[in-house]
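Colleague: These are the residues of each chain, in order.
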Amino acid sequence: MPYYPHTDEDVQQMLAEIGVSTIDDLFSEIPQNHLLKKSIALPRSLKEHEVSLLCNQIAEKNFSHTCFLGGGCYDHSIPSAVWQTAGRGEFYSAYTPYQSEVSQGTLQTIYEFQSMMSALTAQDVSNASLYDGASALAEAILMSIRINPTKRRVLIASVLHPHQEQTIRTITASQDVTINQIGITANTKIDIKELHETIERNQNQISSLIISYPNYFGALDDIHELTNLAHKNNILVIAYVNPMVLASLSPPGEWGSYGADISCGDGQPLGIPMCGGGPSYGFITTRMKYIRQLPGRIVGKTNDENDNTGYVLTLQAREQHIRRSKATSNICTNQGLAVSASTIYLSLMGSKGIDATVCTSASHTRKLLTGLKKYTVSTITGSQFAYETTVLLPIPAKKFIEAMNSRGILAGSAINPQLHPLLRRHYSQKQINHMMQFAVTEKRSKQEIEEYLLHAKKVLC
Amino acid sequence: MAQRRKQQAALPEVSELEAVRHYTKLSQKNYSITTECYPLGSCTMKYNPWVCHTLAMNNKFLQVHPAQDSQSMQGTLQILFELQELLKTICGMHSCSLTPMAGAQGELAGMLMIKKHLQRKKQLHKNEVLVPVSAHGTNPATAVMCGFKVIEIACTSDGNIDIDDLTAKTNENTAVIMLTNPSTYGLYEVNIDRIAKLIHGVGAYLYYDGANLNALLGRIRPGDIGFDVMHTNLHKTFATPHGGGGPGSGAVLCIKELAPYLPQPTISTLVKSKKKQFVMNIDATDSDRSIGRLSHWFGNVGVLLRAYIYIRLLGREHVKEISNHAVLNSNYLFRKLIKAGFSSPFSHRYPAHECIISLSKEKKEYGVTAYDIAKNLLDYGFHAPTTYFPIDIPECLLIEPTETESKQELDRLSSAFIDIRNRIQSNDSTIKTAPNKLSIGRLNEAKAAHPKHLDVSYHKK
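Residue numbers (the numbering used here), protein chains in the order written: chain A, 1 to 461; chain B, 462 to 922.
No lab work stands behind these hints: they were computed from the structure.
Each residue gets a CB set at the ideal place from its N, CA and C atoms; glycine is no exception.
Don't take every hint at face value.
With a Cα cut of at most 25 Å, we get these calculated PhoX-like pairs of lysine-lysine [as the list claims (entries may be wrong)]: (1) B/Lys-908 <-> A/Lys-61; (2) A/Lys-47 <-> B/Lys-549; (3) A/Lys-373 <-> A/Lys-189; (4) A/Lys-367 <-> A/Lys-189; (5) B/Lys-737 <-> A/Lys-398; (6) A/Lys-399 <-> A/Lys-61; (7) A/Lys-61 <-> A/Lys-443; (8) B/Lys-521 <-> A/Lys-446.
Partial list, derived from the structure: chain A residues whose beta carbon lies under 8 Å from chain B [stated by the list, open to error]: (9) Ile-18; (10) Ser-93; (11) Gly-277; (12) Gly-310.
My request is simple: use the sequences and hints to build the entire structure.
Modeller: The structure is reproduced here in structure tokens:
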């Protein structure tokens, strides 16, 4: 604290070695009017115990409510071993593994991550991660455009979270890509008839179809039918998935007859704390034949001259530091530490552990749903959902959520206004205002679920 | 359940102890700031204070779901708001958005903002971006992602932008010049006033790549020297962990004219019943001018918390000492290397926070390259400096000690360089085979990328 360790004697010796009298002399080439005359108006420096007190006081202003929220971020249980290991200085303060011989820890961890994400999504290859799920989806779209550059249209054949849709539009804005949303049926699954028609009308112009699994509302689309429809029309399939559910449900690589072409999503459920939404990471996996179109870093296995196995960054000719303006993307970082944590999480849990987590979460969600149905609550998504679903309440969702909030429960989310037009085909505005989306994870205890129902009864009846 | 996964995903099935041992041992194969000096130019590998990690891992920060209403996360929002203000003050800018998840995303935000502003002003002919030949690869890659045309500007032997070349290439089609200051040569751009006048004179903008902000911290502000929009690298200047390649954070800041275009959401305050509240500007009145979202939620909150704590620890007393000591360390090391016989194209100037040496002479005389020097430094217990960047200086090493290294550590580092030099001059054959003292030797990168040997997953098709 404050982390520059020089004594006055050190400074004098160093200045003498350089051949100047003061540190200011080192700034002599700079136009002097650029230099600030007085200190920047920041608050005074705090000692560790002072900043500690301050932060803990500020943290107290966050409420510790019981979480039943979903929408791409989930309150799953994280074993202590994950962050005690990932938080070790050797992982925490290591750099990008450009010097492979001193980065084998990071590189092998990423190689294992790539392997595990390939296994989870049932695809051939994975990269070392991207910033988050939404930007990974944007990169997947740009990848599909690079694969078939004459086709510039992308169809959203599912319902994404509006933030994801906004993100993909922002990132692809200047790249001559058109993104269209297909309509939905009353249970929020995609309207296959409309999809057929749209494909017919735009023959040879559609690059890819995006299928979100589950969708924003929690529903599970007919992935096999959609995948086969796309492939029949020479359209690539981009799967946007919650990686957790892939331990229990059909992975994109097994959709339809040939599997999805690119899979992506957000890794937060896999051992990353919610922390206000970040940092997490995005993952992207694909067929081996498209590996050179992947953005971001990729780690490969090799050996040294004594045949010792080692790992290096590979296929770097795709990246910005080599290709510059011709790079597949401008991306520089991956999400290193978050990826290390997830890899450790996946190793601790294994496929059985994650499957059990999903099944418990699914069972908890159904338990809450069953309880709510007693209070004139009905389901929108039907019976096909994992651990997230949407219901129709007898009162406006915002009112219900606020009332539950004051009782210490984050009950769910009202439907984002951007999705209202999609729903208006089947529901009145009043009904839409009564819809609420929620998720129940394995972390919610029997008592917490009972408390939710107890308070819900009071609010609804 | 329909759509049940048929075959279990092939993830590790091991005990907790086995997983913990595996990853703990892997971490021990890494170099890191916690264990070694990391003089990587352009990366600012300063110490990541442990207190930042401890306080950011407060459960009351970790348990916040991003879809919670603002009222229930006032603690997190307060820190984000204050961080916006602190960064604005430090950088001399009018407005700030913390959402970009990395420097490259911050660049993307800044460039999209300028593009949208030019579109609104109906100045579509302004589609050229000027980039010095010494620029970081993300600069031209980002410009292309935004649909701009990239034009390279030469630099003089003095290490500054060639004003004649710049003048010749600046015209009514110029949209932006992307600069970092000091440049990637580690030299202050002394003609920045002239450059700003020239660029602003044609109605174009100056973009500041904040990668080298550590050289200016507390002494010079980009907003005061003509820059219109910039990003900061919180994982460089503001000591957040590199994590083996991320997560970073690239807050974007700008002048008043460009503020409506900032990526959403930004945080502002609202006074309600005499109480000050922090709110997210998702539905701001100017939201149609915003470039939109770059991520699902609001950026890498965990990283932002750490940056805030670091700035509070520094305070007004220590902020300028960062720049002073970073520049002192770099000059000290540089002088020692030059006196020991190393060459630099800029030995006649005072470097800023980083310095360049070139091994062209050694390559001619002894066949030894910058790559070899880098690999040999690993044997002395140092991470190598940045190699072959900037791309226009042959056989270069870009060395940035940062202010957190002591004089003693710099003496050890220069001794290592000198010892390597002596070994080169006595034709020591082990120079070419380094690293010789690590658990792994030079890794075969060519093999890793070869289609026949490409191995990116432990699952083989």
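Colleague: Decide, hint by hint, whether the structure agrees.
Modeller: Consistency of the hints with the structure:
1. B/Lys-908 <-> A/Lys-61: 54 Å, violated
2. A/Lys-47 <-> B/Lys-549: Between A/Lys-47 and B/Lys-549 the Cα gap is close to 23 Å, so the pair holds against 25 Å.
3. A/Lys-373 <-> A/Lys-189: 22 Å, holds
4. A/Lys-367 <-> A/Lys-189: 23 Å, holds
5. B/Lys-737 <-> A/Lys-398: 23 Å, holds
6. A/Lys-399 <-> A/Lys-61: 23 Å, holds
7. A/Lys-61 <-> A/Lys-443: Cα-Cα ~23 Å, so holds.
8. B/Lys-521 <-> A/Lys-446: Distance of about 23 Å is within 25 Å: holds.
9. Ile-18: The hint holds - A/Ile-18 has a Cβ within 8 Å of chain B, the shortest such distance being about 5 Å.
10. Ser-93: 4 Å, holds
11. Gly-277: 3 Å, holds
12. Gly-310: 4 Å, holds
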